[in-house]
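Enquirer: Could you build the full structure based on these sequences and the hints that come with them?
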Amino acid sequence: MNSHYTRMQQNIESFFKKSVPASSVHLPPPAFGDDLVVWGKQHCVQQTSKHRAIESVTRKRSYGQFHLEFGQSDFLMRTCSECGMKYSPGDQGDEKAHMEFHKNYTHGIRFKGWCNERILNVQGLDDFGRIIFVQNCDPPAKINKVKDIVKMMEIDLGYGWIYHKLCKVYLFVAAHKIVGCLVAEPIKEAFRVVSSLEKFEHSGPIKKEARTRVEPSPLPFGNIILKRELVKKDASVKKNDMSVGKPNGATFCEEKAIPVTCGIRAIWVAPYHRRKHIATRLLEAARFSFSGNGVLDRHQLAFSQATEIGKALAFSYMGDHLLVYKSNEDRRQLG
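Here the numbering used here runs 206 ahead of the position in the sequence shown, where the first position is 1.
The reader is advised that the hints may include incorrect statements.
Claimed, not checked - Here are the simulated lysine-lysine pairs, DSSO-like style, with alpha carbons at most 27 Å apart:
no. : residue 1 : residue 2
1   : Lys371    : Lys383
2   : Lys462    : Lys351
3   : Lys309    : Lys351
4   : Lys383    : Lys357
5   : Lys394    : Lys383
6   : Lys374    : Lys394
7   : Lys383    : Lys348
8   : Lys318    : Lys353
9   : Lys371    : Lys348
10  : Lys394    : Lys462
I should point out that these hints are in silico values taken from the structure, not numbers from a laboratory.
Computed from a predicted model, the values in this text were never measured in an experiment.
Expert: What follows is the structure, encoded as C-alpha coordinates:
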(Lines of atoms letter the chains of each structure in order from A; the text may use other names.)
(Lines give C-alpha, C1' and ligand atoms only; values in the text may rest on other atoms or scores of the structure.)
Protein backbone atom coordinates (compact mmCIF):
# COMPACT_ATOMS: atom_id res chain seq x y z
CA MET A 207 0.00 0.00 0.00
CA ASN A 208 2.71 2.39 0.94
CA SER A 209 4.76 1.60 -2.17
CA HIS A 210 1.75 2.31 -4.35
CA TYR A 211 1.20 5.70 -2.70
CA THR A 212 4.87 6.60 -3.10
CA ARG A 213 4.80 5.71 -6.82
CA MET A 214 1.72 7.94 -7.42
CA GLN A 215 3.36 10.89 -5.65
CA GLN A 216 6.45 10.58 -7.81
CA ASN A 217 4.34 10.56 -10.95
CA ILE A 218 2.47 13.72 -9.85
CA GLU A 219 5.72 15.54 -9.05
CA SER A 220 7.24 14.58 -12.36
CA PHE A 221 4.14 15.85 -14.16
CA PHE A 222 4.21 19.32 -12.58
CA LYS A 223 8.01 19.72 -12.69
CA LYS A 224 9.24 22.52 -15.06
CA SER A 225 10.78 21.27 -18.23
CA VAL A 226 14.32 22.44 -18.90
CA PRO A 227 15.22 23.24 -22.54
CA ALA A 228 17.94 21.17 -24.00
CA SER A 229 20.02 24.21 -24.86
CA SER A 230 20.23 25.25 -21.20
CA VAL A 231 21.34 21.86 -19.95
CA HIS A 232 25.05 21.97 -19.32
CA LEU A 233 26.36 18.53 -19.97
CA PRO A 234 29.90 17.66 -19.10
CA PRO A 235 32.19 17.35 -22.13
CA PRO A 236 32.85 13.84 -23.43
CA ALA A 237 36.14 12.36 -22.62
CA PHE A 238 37.33 11.87 -26.22
CA GLY A 239 36.34 11.22 -29.79
CA ASP A 240 34.03 12.99 -32.29
CA ASP A 241 31.50 13.68 -29.58
CA LEU A 242 34.01 16.07 -27.98
CA VAL A 243 34.32 18.08 -31.22
CA VAL A 244 30.53 18.38 -31.61
CA TRP A 245 30.13 19.43 -27.97
CA GLY A 246 32.76 22.17 -28.39
CA LYS A 247 31.04 23.66 -31.46
CA GLN A 248 27.66 23.73 -29.78
CA HIS A 249 29.03 25.27 -26.63
CA CYS A 250 30.88 27.96 -28.61
CA VAL A 251 27.73 28.88 -30.58
CA GLN A 252 25.68 29.14 -27.42
CA GLN A 253 28.22 31.40 -25.69
CA THR A 254 28.66 33.64 -28.76
CA SER A 255 24.92 34.20 -29.23
CA LYS A 256 24.60 34.96 -25.51
CA HIS A 257 27.37 37.60 -25.61
CA ARG A 258 25.91 39.21 -28.72
CA ALA A 259 22.53 39.53 -27.05
CA ILE A 260 24.10 41.20 -24.02
CA GLU A 261 26.14 43.60 -26.22
CA SER A 262 23.08 44.57 -28.28
CA VAL A 263 21.28 45.57 -25.08
CA THR A 264 24.13 47.47 -23.41
CA ARG A 265 25.52 49.15 -26.54
CA LYS A 266 24.63 52.86 -26.79
CA ARG A 267 23.81 54.49 -30.09
CA SER A 268 26.13 57.23 -31.31
CA TYR A 269 24.63 60.10 -33.30
CA GLY A 270 27.30 61.70 -35.51
CA GLN A 271 26.99 64.62 -37.91
CA PHE A 272 27.81 63.65 -41.48
CA HIS A 273 28.50 66.02 -44.37
CA LEU A 274 28.45 65.47 -48.12
CA GLU A 275 31.38 66.84 -50.10
CA PHE A 276 30.60 68.04 -53.61
CA GLY A 277 33.73 70.11 -54.20
CA GLN A 278 32.59 73.16 -52.24
CA SER A 279 35.42 75.48 -51.15
CA ASP A 280 34.20 75.80 -47.53
CA PHE A 281 33.55 72.11 -46.93
CA LEU A 282 35.47 71.83 -43.67
CA MET A 283 35.85 75.48 -42.60
CA ARG A 284 33.65 78.48 -43.30
CA THR A 285 34.77 82.12 -43.08
CA CYS A 286 32.28 84.66 -41.78
CA SER A 287 31.99 87.51 -44.27
CA GLU A 288 31.43 90.06 -41.50
CA CYS A 289 33.76 89.21 -38.63
CA GLY A 290 36.29 87.16 -40.62
CA MET A 291 36.38 84.21 -38.20
CA LYS A 292 36.80 80.68 -39.55
CA TYR A 293 34.65 77.96 -38.00
CA SER A 294 33.34 74.48 -38.74
CA PRO A 295 29.59 74.39 -39.51
CA GLY A 296 27.75 71.73 -37.53
CA ASP A 297 30.27 71.72 -34.70
CA GLN A 298 28.50 73.08 -31.61
CA GLY A 299 31.73 74.29 -30.01
CA ASP A 300 32.86 76.11 -33.14
CA GLU A 301 29.47 77.68 -33.77
CA LYS A 302 29.21 78.88 -30.17
CA ALA A 303 32.71 80.41 -30.31
CA HIS A 304 31.85 82.10 -33.61
CA MET A 305 28.63 83.57 -32.23
CA GLU A 306 30.49 85.02 -29.23
CA PHE A 307 33.30 86.47 -31.34
CA HIS A 308 30.85 87.82 -33.94
CA LYS A 309 28.85 89.62 -31.27
CA ASN A 310 31.99 91.16 -29.74
CA TYR A 311 33.18 92.36 -33.15
CA THR A 312 29.91 93.88 -34.33
CA HIS A 313 28.60 95.28 -31.01
CA GLY A 314 31.77 95.73 -28.95
CA ILE A 315 33.67 93.83 -26.28
CA ARG A 316 32.00 93.47 -22.88
CA PHE A 317 33.62 95.69 -20.26
CA LYS A 318 32.79 95.80 -16.55
CA GLY A 319 35.04 98.79 -15.84
CA TRP A 320 38.11 99.42 -13.70
CA CYS A 321 38.52 100.83 -10.22
CA ASN A 322 40.89 103.59 -11.33
CA GLU A 323 39.97 104.95 -14.75
CA ARG A 324 41.37 108.02 -16.49
CA ILE A 325 38.10 109.38 -17.84
CA LEU A 326 38.41 112.28 -20.27
CA ASN A 327 35.78 114.97 -20.43
CA VAL A 328 34.91 115.55 -24.06
CA GLN A 329 32.22 117.93 -25.18
CA GLY A 330 29.16 116.23 -26.63
CA LEU A 331 29.45 112.93 -24.76
CA ASP A 332 26.71 113.66 -22.19
CA ASP A 333 25.26 110.29 -21.11
CA PHE A 334 26.12 108.47 -24.33
CA GLY A 335 29.37 106.99 -23.01
CA ARG A 336 32.83 107.74 -21.65
CA ILE A 337 36.40 107.78 -22.98
CA ILE A 338 39.15 106.07 -20.98
CA PHE A 339 42.82 106.95 -21.46
CA VAL A 340 45.35 104.06 -21.21
CA GLN A 341 49.17 104.21 -21.25
CA ASN A 342 51.83 101.52 -21.29
CA CYS A 343 52.72 102.21 -17.64
CA ASP A 344 49.25 101.08 -16.52
CA PRO A 345 48.63 97.72 -14.77
CA PRO A 346 48.80 94.52 -16.86
CA ALA A 347 45.02 94.04 -16.69
CA LYS A 348 44.47 97.26 -18.62
CA ILE A 349 47.18 96.44 -21.17
CA ASN A 350 45.68 92.98 -21.74
CA LYS A 351 42.29 94.54 -22.39
CA VAL A 352 43.91 96.87 -24.92
CA LYS A 353 45.45 93.86 -26.67
CA ASP A 354 42.01 92.23 -26.88
CA ILE A 355 40.69 95.35 -28.60
CA VAL A 356 43.69 95.39 -30.94
CA LYS A 357 42.81 91.85 -32.08
CA MET A 358 39.41 93.14 -33.15
CA MET A 359 40.99 96.11 -34.92
CA GLU A 360 43.38 93.84 -36.82
CA ILE A 361 40.45 92.22 -38.65
CA ASP A 362 39.86 95.50 -40.51
CA LEU A 363 43.28 97.15 -40.38
CA GLY A 364 45.80 94.31 -40.71
CA TYR A 365 47.86 92.25 -38.30
CA GLY A 366 50.97 92.94 -36.23
CA TRP A 367 51.48 96.71 -36.53
CA ILE A 368 48.82 98.62 -34.58
CA TYR A 369 50.18 98.74 -31.01
CA HIS A 370 53.62 99.28 -29.49
CA LYS A 371 54.95 100.45 -26.13
CA LEU A 372 55.03 104.17 -26.97
CA CYS A 373 51.38 104.28 -27.96
CA LYS A 374 48.60 106.04 -26.06
CA VAL A 375 45.21 104.37 -26.28
CA TYR A 376 41.73 105.89 -26.04
CA LEU A 377 38.80 103.54 -25.39
CA PHE A 378 35.21 104.55 -26.01
CA VAL A 379 32.85 102.75 -23.60
CA ALA A 380 29.07 102.67 -24.03
CA ALA A 381 26.46 100.34 -22.50
CA HIS A 382 29.17 98.31 -20.67
CA LYS A 383 31.00 97.60 -23.94
CA ILE A 384 34.12 98.95 -25.59
CA VAL A 385 32.81 100.08 -28.98
CA GLY A 386 35.69 102.25 -30.22
CA CYS A 387 39.44 102.60 -29.92
CA LEU A 388 42.05 105.12 -31.04
CA VAL A 389 45.79 104.41 -30.94
CA ALA A 390 48.09 107.45 -31.07
CA GLU A 391 51.88 107.78 -31.04
CA PRO A 392 54.36 110.65 -30.77
CA ILE A 393 55.85 111.76 -34.11
CA LYS A 394 57.96 114.67 -35.28
CA GLU A 395 56.95 115.38 -38.86
CA ALA A 396 54.31 114.72 -41.49
CA PHE A 397 53.46 115.70 -45.04
CA ARG A 398 50.50 117.59 -46.39
CA VAL A 399 48.29 115.76 -48.83
CA VAL A 400 48.05 117.38 -52.25
CA SER A 401 44.79 116.91 -54.12
CA SER A 402 44.78 115.26 -57.50
CA LEU A 403 43.66 118.55 -59.04
CA GLU A 404 46.70 120.39 -57.71
CA LYS A 405 48.95 117.57 -58.92
CA PHE A 406 47.72 117.82 -62.47
CA GLU A 407 47.77 121.60 -62.45
CA HIS A 408 51.51 121.47 -61.74
CA SER A 409 52.14 118.86 -64.41
CA GLY A 410 50.21 120.64 -67.18
CA PRO A 411 46.77 121.46 -68.51
CA ILE A 412 44.01 118.94 -68.15
CA LYS A 413 43.06 117.22 -71.36
CA LYS A 414 39.45 117.50 -72.28
CA GLU A 415 37.54 114.53 -73.49
CA ALA A 416 37.67 114.45 -77.28
CA ARG A 417 35.92 112.27 -79.76
CA THR A 418 37.27 111.39 -83.16
CA ARG A 419 34.66 110.58 -85.72
CA VAL A 420 35.48 107.80 -88.12
CA GLU A 421 33.87 107.56 -91.52
CA PRO A 422 31.04 105.03 -91.36
CA SER A 423 31.46 101.77 -93.20
CA PRO A 424 28.53 99.72 -94.54
CA LEU A 425 27.48 96.63 -92.66
CA PRO A 426 25.51 94.15 -94.84
CA PHE A 427 22.68 92.35 -93.10
CA GLY A 428 20.82 90.27 -95.71
CA ASN A 429 19.18 92.60 -98.19
CA ILE A 430 19.59 95.52 -95.77
CA ILE A 431 22.77 97.62 -95.53
CA LEU A 432 23.39 99.18 -92.12
CA LYS A 433 25.71 102.12 -91.42
CA ARG A 434 27.80 102.19 -88.28
CA GLU A 435 29.70 104.94 -86.51
CA LEU A 436 32.82 104.41 -84.40
CA VAL A 437 33.68 106.82 -81.59
CA LYS A 438 37.23 106.85 -80.20
CA LYS A 439 37.91 108.32 -76.77
CA ASP A 440 41.26 109.86 -75.88
CA ALA A 441 42.80 109.29 -72.44
CA SER A 442 41.59 112.06 -70.19
CA VAL A 443 41.07 112.97 -66.57
CA LYS A 444 37.70 114.05 -65.29
CA LYS A 445 37.71 117.09 -63.10
CA ASN A 446 35.11 115.59 -60.76
CA ASP A 447 37.56 112.84 -59.74
CA MET A 448 40.21 115.33 -58.58
CA SER A 449 38.44 116.97 -55.67
CA VAL A 450 40.43 117.49 -52.50
CA GLY A 451 38.04 115.52 -50.34
CA LYS A 452 37.81 112.42 -52.50
CA PRO A 453 39.36 109.51 -50.55
CA ASN A 454 39.70 107.12 -53.49
CA GLY A 455 42.78 106.71 -55.63
CA ALA A 456 46.46 107.48 -55.01
CA THR A 457 47.59 109.95 -52.35
CA PHE A 458 50.03 112.69 -53.37
CA CYS A 459 52.04 114.56 -50.72
CA GLU A 460 54.24 117.62 -50.67
CA GLU A 461 57.96 117.00 -50.43
CA LYS A 462 58.45 119.47 -47.58
CA ALA A 463 57.86 118.03 -44.10
CA ILE A 464 55.76 119.84 -41.51
CA PRO A 465 56.52 119.53 -37.76
CA VAL A 466 53.68 117.82 -35.87
CA THR A 467 53.24 116.20 -32.47
CA CYS A 468 50.56 113.51 -32.55
CA GLY A 469 50.24 110.65 -35.00
CA ILE A 470 46.90 108.85 -35.29
CA ARG A 471 48.23 105.36 -35.81
CA ALA A 472 44.87 103.55 -35.94
CA ILE A 473 41.22 104.24 -35.18
CA TRP A 474 38.37 101.73 -35.10
CA VAL A 475 34.67 101.62 -34.22
CA ALA A 476 32.51 98.50 -33.94
CA PRO A 477 30.34 98.16 -37.08
CA TYR A 478 27.05 98.40 -35.17
CA HIS A 479 28.08 101.75 -33.60
CA ARG A 480 29.48 103.49 -36.68
CA ARG A 481 28.12 106.81 -37.97
CA LYS A 482 27.43 107.95 -34.41
CA HIS A 483 30.37 110.42 -34.27
CA ILE A 484 32.34 108.11 -31.97
CA ALA A 485 35.51 108.41 -34.08
CA THR A 486 35.27 112.22 -34.05
CA ARG A 487 34.97 112.24 -30.26
CA LEU A 488 38.00 109.96 -29.97
CA LEU A 489 39.99 112.38 -32.14
CA GLU A 490 38.90 115.27 -29.95
CA ALA A 491 39.96 113.35 -26.84
CA ALA A 492 43.41 112.73 -28.32
CA ARG A 493 43.77 116.38 -29.30
CA PHE A 494 42.87 117.58 -25.80
CA SER A 495 44.98 115.12 -23.79
CA PHE A 496 47.88 113.82 -25.90
CA SER A 497 50.29 116.61 -25.06
CA GLY A 498 50.96 117.80 -21.54
CA ASN A 499 51.51 121.34 -22.83
CA GLY A 500 47.87 122.09 -23.65
CA VAL A 501 45.34 121.41 -26.35
CA LEU A 502 46.73 120.59 -29.78
CA ASP A 503 45.52 122.30 -32.89
CA ARG A 504 44.00 120.08 -35.54
CA HIS A 505 46.99 120.84 -37.76
CA GLN A 506 49.14 119.07 -35.17
CA LEU A 507 47.46 115.74 -35.94
CA ALA A 508 48.62 113.42 -38.72
CA PHE A 509 47.19 110.13 -39.92
CA SER A 510 48.99 106.89 -40.66
CA GLN A 511 48.01 104.38 -43.35
CA ALA A 512 44.25 104.21 -43.60
CA THR A 513 41.47 102.27 -45.24
CA GLU A 514 38.95 103.98 -47.52
CA ILE A 515 36.69 104.59 -44.52
CA GLY A 516 39.65 106.00 -42.61
CA LYS A 517 40.53 108.36 -45.45
CA ALA A 518 36.97 109.62 -45.56
CA LEU A 519 37.07 110.27 -41.80
CA ALA A 520 40.43 112.06 -42.05
CA PHE A 521 39.22 114.33 -44.88
CA SER A 522 36.02 115.07 -42.97
CA TYR A 523 37.86 115.95 -39.75
CA MET A 524 40.88 117.79 -41.19
CA GLY A 525 39.41 119.41 -44.28
CA ASP A 526 41.90 120.68 -46.89
CA HIS A 527 44.86 120.52 -44.49
CA LEU A 528 45.23 116.75 -44.20
CA LEU A 529 48.59 115.49 -42.94
CA VAL A 530 49.89 111.95 -43.29
CA TYR A 531 53.00 110.22 -42.02
CA LYS A 532 54.74 106.90 -42.41
CA SER A 533 54.98 104.75 -39.31
CA ASN A 534 58.41 103.87 -38.07
CA GLU A 535 59.01 100.21 -38.97
CA ASP A 536 61.50 99.77 -36.13
CA ARG A 537 58.82 100.42 -33.50
CA ARG A 538 56.23 98.00 -34.84
CA GLN A 539 56.27 95.60 -31.92
CA LEU A 540 53.56 94.37 -29.63
CA GLY A 541 54.14 95.49 -26.08
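Enquirer: A separate judgement is required for each hint: does it hold in the structure or not?
Expert: Hints, one by one, checked against the model:
no.	hint	in the structure
1	Lys371 to Lys383	24 Å, holds
2	Lys462 to Lys351	39 Å, violated
3	Lys309 to Lys351	17 Å, holds
4	Lys383 to Lys357	15 Å, holds
5	Lys394 to Lys383	34 Å, violated
6	Lys374 to Lys394	16 Å, holds
7	Lys383 to Lys348	14 Å, holds
8	Lys318 to Lys353	16 Å, holds
9	Lys371 to Lys348	13 Å, holds
10	Lys394 to Lys462	13 Å, holds
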